[in-house]
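The residues making up each chain are set out below.
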Amino acid sequence: MSETLVAQLPVGAAEPDERAPTDWRTQSMQRRIRQRYAAERRFRLLGLAAVVLSAGFLAVLLVTMVYNGASGFVQTRIALPVDFARAGLVLDPARLRGPGADLALAAAGVEDATDNAAVAAFGKDGATLLSDGAWLSVRAAIKRDPAIMNGRSIVWVPASEAIDSAAKRADSPANEAIVAQLKARGALSTGFNWPFLTASDSNDSTRAGIWGAFKGSLFTMVVTLLIAFPVGVLSALYLEEYAPRNRWTDLIEVSINNLAAVPSIIFGLLGLAVFLGTMGLPRSAPIVGGLTLALMTMPVIVIAGRNAIKGVPPSIRDAALGIGASPVQVVFHHVLPLALPGILTGTIIGMARALGETAPLLMIGMRAFISAPPGRISDPSTVLPVQIFLWSDQIDRGFVEKTSAAIIVLLVFLLAMNGFAIYLRNKFETRW
Amino acid sequence: MNIPNQPKISAKRVSVYYGAKRAIDDVSLDFDERYVTALIGPSGCGKSTFLRTLNRMNDTVPNARVEGDITLDGEDIYDPSMDVVQLRARVGMVFQKPNPFPKSIFENVAYGPRIHGLAANKTQMAEIVEQSLRRAGLWDEVKDRLSDSGTALSGGQQQRLCIARAIAVDPEVILMDEPCSALDPIATAKIEELIHELNGRYAIVIVTHNMQQAARVSQRTAFFHLGTVVEYGATSDIFTNPRQERTKDYITGRYG
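Residue numbers (this note's numbering), protein chains in the order written: chain C, 1 to 432; chain P, 1 to 256.
One or more hints might be untrue.
Pairs of lysine-lysine, BS3-like flavour, derived with a Cα cap of 25 Å [unchecked claim]: (1) P/103 x C/427; (2) P/97 x P/190; (3) C/168 x C/183; (4) P/97 x C/310; (5) C/310 x P/103.
Keep in mind the hints are simulated off the structure, nothing from the lab. Computed from a predicted model, the values in this text were never measured in an experiment.
Let the hints inform the model, and build the full structure from the sequences given.
Next up, the structure:
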């Protein structure tokens, strides 16, 4: 083949002019080298500084949240001695077993009995030491063991917001004195605030919980994923693998890219007009929230999906077509599995954004005060970021820590979701 | 069904256009199933394009258009009633760059038979895989690691795996598009040896840049230049006694 190469050389090309040998040790050369090293160092330092700065911001955010929010997971409780025998409860012990128990207790005057017990134990302002929901603990105690009805018993009940706050940090001297007194009597204890994780929104910060919003977020995310993922992936596959390249597909591509950049509140207005106005779906419901967020998430999945599909080497398609795989088989046996890690990455980003989204959900009425967790996707509910927004608006001190605690719950939700998606992605990557 | 002396594949007055550009101009060639046919010619002369019309791989190229008739055993492969998927199973293809699926060696070979339902059960599938790998001369090297990824093999082994994959669907014709251009000389020698062994069982059409290779492996050679066939005949004649001046210039290295 060397003959070929020789033959290819242009005949009679002019010889280049003779050049003086380069001297690599001159002053200007040395200076150039120094400048190059300096530029290298500068760039590296700047990069490092940028990383440290962003890591610093993240650390400050997390530390602040944990510092403020940790106390939200702790509940102060007061030991309340109740003399059930003399409390004057109108209650037939036989009715406490079976489905009528709650009804029987509702009419029994447990709330008054609790207040009276507090006055008897802690003086005339005793009732204010207890949370408004203290009687619920008393009721629960009766339900757990109806035998206590016959005598005196000590029930641990949640403390009021003021006492709770005084027990956790500096507060007014009067409240701190009461806390010290209660501590001395051994009537004060702290423990993990389970109601925060199991209850829903409430006017009383000592009774407010995150469960309703958590469940609402879960339902909303499920609806979003179930709609946005298949529709997004199928669109991406169709556009990449089947659609002809013409003006219409160009237009669709531009529209999808623009859709991904539309401010989220616009999607809220769209949801309000279409899902609530035209289709008449229920207000404040996870299904509407999920649909609205799916509209917002879909373009992100389509764009990420198309890029991932483009990244699959054409040689793989050729190989599969070459042994007689049909286009659908090529897509589902080869292209999609290879593109899946990239598609999942896009989905994670889209879903994470959807989970943190507040504005569009406010538009479709998910900012209502809802004190019961949703049972179905059509029940009224709220979601974690909206709950955080609502609590951050409250003036009661107890809600400050609850807001931070709710943020921690939201971040944990987010991390769990991302962790699951990363696990899925790695699983698909190693299978090949 | 095969009439004696009927060519396996017959191309008559084939032209291929990419948009307005004509890549192949009025090419007529017959391929006999007993022979290895080499397509040689300088880069960009259309030999790969022509090869890809024989199993309609050009269908996947947007705005490519094929004119003329190509028949496989007398059937027009561009007829609307021709099933492209089946055609590609009958006319297998090996590409320039080894392109095993990123799956296990076994799966690479088993994929074709599986999608065409050629194996009734696992035992039969294992037999097909073993036989194909044996024919591709790869069995002894990989029999203990069939579950390893196909992409973990060396370049030459990957290419033989691709040949095994093509053989596994029991094709009648194998098209090879510069199968050795990405391989070192030892791997190339192995592939050439393999082509010798496959000769007779399958009709083979091979595109190559390497004229020595064409001389070594083929019985028939077609010389392409600027989208047309300049000369087609027995390989020995083309290399020792070319009738056309252009052929002679090319094989003596005057241009390339």
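Numbered hints the structure breaks, given as an ascending list: Failing hints: none at all.
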